[in-house]
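Heads up: the sequence shown runs through residues 1 to 324, numbered per UniProt numbering.
Fair warning: there could be bad hints in the mix.
[What the hints assert, rightly or not] Taking lysine-lysine pairs in the DSS-like style, the calculated list, with each CA pair at most 25 Å apart, reads:
{"id": "1", "residue 1": "47", "residue 2": "80"}
{"id": "2", "residue 1": "237", "residue 2": "76"}
{"id": "3", "residue 1": "186", "residue 2": "80"}
{"id": "4", "residue 1": "252", "residue 2": "76"}
{"id": "5", "residue 1": "237", "residue 2": "194"}
{"id": "6", "residue 1": "48", "residue 2": "17"}
{"id": "7", "residue 1": "252", "residue 2": "237"}
{"id": "8", "residue 1": "182", "residue 2": "76"}
{"id": "9", "residue 1": "194", "residue 2": "118"}
{"id": "10", "residue 1": "171", "residue 2": "47"}
{"id": "11", "residue 1": "182", "residue 2": "82"}
{"id": "12", "residue 1": "80", "residue 2": "237"}
{"id": "13", "residue 1": "171", "residue 2": "82"}
{"id": "14", "residue 1": "118", "residue 2": "171"}
{"id": "15", "residue 1": "22", "residue 2": "101"}
{"id": "16", "residue 1": "235", "residue 2": "274"}
[As the list claims (entries may be wrong)] Quick list of simulated restraints, FRET-style, between CB atoms:
{"id": "17", "residue 1": "8", "residue 2": "31", "range": "31 to 37 Å"}
{"id": "18", "residue 1": "20", "residue 2": "312", "range": "53 to 59 Å"}
{"id": "19", "residue 1": "240", "residue 2": "77", "range": "29 to 35 Å"}
{"id": "20", "residue 1": "20", "residue 2": "242", "range": "45 to 51 Å"}
{"id": "21", "residue 1": "244", "residue 2": "47", "range": "33 to 39 Å"}
{"id": "22", "residue 1": "238", "residue 2": "40", "range": "48 to 54 Å"}
{"id": "23", "residue 1": "212", "residue 2": "40", "range": "48 to 54 Å"}
If you're looking for bench data, these hints aren't it; they were derived computationally from the structure.
By construction, the Cβ of each residue, glycine as well, lies at the ideal position given by its N, Cα and C atoms.
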Amino acid sequence: MAHTKNDILTILGVSIKPGERKEANFDVANLHTSTPVNVPVIIERSKKPGPIVLFTAGIHGDEVNGVEIVRQLIAKGINKPKCGTIICIPVINVFGFINLKREFPDGRDLNRVFPGSKDGSLASRVAYKLVHEIIPHVEYIIDFHTGGSGRFNAPQLRYSKGNRIPNDLAKVFGAPFVLYSKNLSKSFRTICYKLGKPLLLFEGGKSFHIDDVITNSGVNGSKRILHHLGMLSSKFKVSAPKNNCVFINESKWIRANYSGMFKASITIGVQVTKGDILGNITDPYGKFNYFVKAQNNGYIINVNESPIVYQGDALFRITTNIKT
Numbered sequence: 001m002a003h004t005k006n007d008i009l010t011i012l013g014v015s016i017k018p019g020e021r022k023e024a025n026f027d028v029a030n031l032h033t034s035t036p037v038n039v040p041v042i043i044e045r046s047k048k049p050g051p052i053v054l055f056t057a058g059i060h061g062d063e064v065n066g067v068e069i070v071r072q073l074i075a076k077g078i079n080k081p082k083c084g085t086i087i088c089i090p091v092i093n094v095f096g097f098i099n100l101k102r103e104f105p106d107g108r109d110l111n112r113v114f115p116g117s118k119d120g121s122l123a124s125r126v127a128y129k130l131v132h133e134i135i136p137h138v139e140y141i142i143d144f145h146t147g148g149s150g151r152f153n154a155p156q157l158r159y160s161k162g163n164r165i166p167n168d169l170a171k172v173f174g175a176p177f178v179l180y181s182k183n184l185s186k187s188f189r190t191i192c193y194k195l196g197k198p199l200l201l202f203e204g205g206k207s208f209h210i211d212d213v214i215t216n217s218g219v220n221g222s223k224r225i226l227h228h229l230g231m232l233s234s235k236f237k238v239s240a241p242k243n244n245c246v247f248i249n250e251s252k253w254i255r256a257n258y259s260g261m262f263k264a265s266i267t268i269g270v271q272v273t274k275g276d277i278l279g280n281i282t283d284p285y286g287k288f289n290y291f292v293k294a295q296n297n298g299y300i301i302n303v304n305e306s307p308i309v310y311q312g313d314a315l316f317r318i319t320t321n322i323k324t
């Protein structure tokens, strides 16, 4: 679905003509000090009509790697389309980003309050404004996230199974893994699905951390999507994915049988066989050493990087049912 006429696009009260670049301000509330909070929405339009693509990050304020991906898209000029329009919102939850907190100051997770409410909580108001003033204008969305609680995610895309358009786009994006995941109630992904807006959710890395491999995966995948849509400037090269994408139907957590000091001994994203040693748990006194082993064949798509774990903590996420 592409726009066929050179119409004026109006977002958050800002009018953008074909060929123009403008910033709109996604303002909802001031800080408690009365200081205004500006959340820039960066809009780049080509003179040629085409699709409208939205790149978002920072729904969770502590997921800085996603913010870095969108920042690079802007800094490198990848967001200047050959046709159509590219909208970038690098930090949606700027309140959480300021404090490096996942939630909003009201304690709510923005990704669990969609579609929001005009007169609800702060997080709910942000969700409402995003759904009513940004989403109606766009045709494709790529939303960047990272793992939490010290758990490092391999670069992966997530969407519900049987969703044909994201499935086709995922193959173009070329992340190493696609994890079929049910739409979560009141999430951004779910509301976009209900509104008929194809969304790719990218997960990679962990909170409070910027990782070059994850960043490159997100940036390169975004370039492939834009190239596929005919929007990427010819000055940018598009690299083919290093490996075929692995589609994950099911996965499970390998959990700690003991509390102690933990160290993984395998690399994220590797394929392992049942019985392979993945890491070990020790005590501080040198008396105990327990080896964590793979319980089945599969790929390791998430690793707990916390040095201290307790019995029952999730250590590794391993695939149990895949297709390539």
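Of the numbered hints stated previously, which ones are contradicted by the structure, given in increasing order?
-> Going through the list in order, the structure violates hints 3, 4, 5, 7, 8, 10, 11, 14, 15, 16, 19, 20, 22 and 23 and respects the others.
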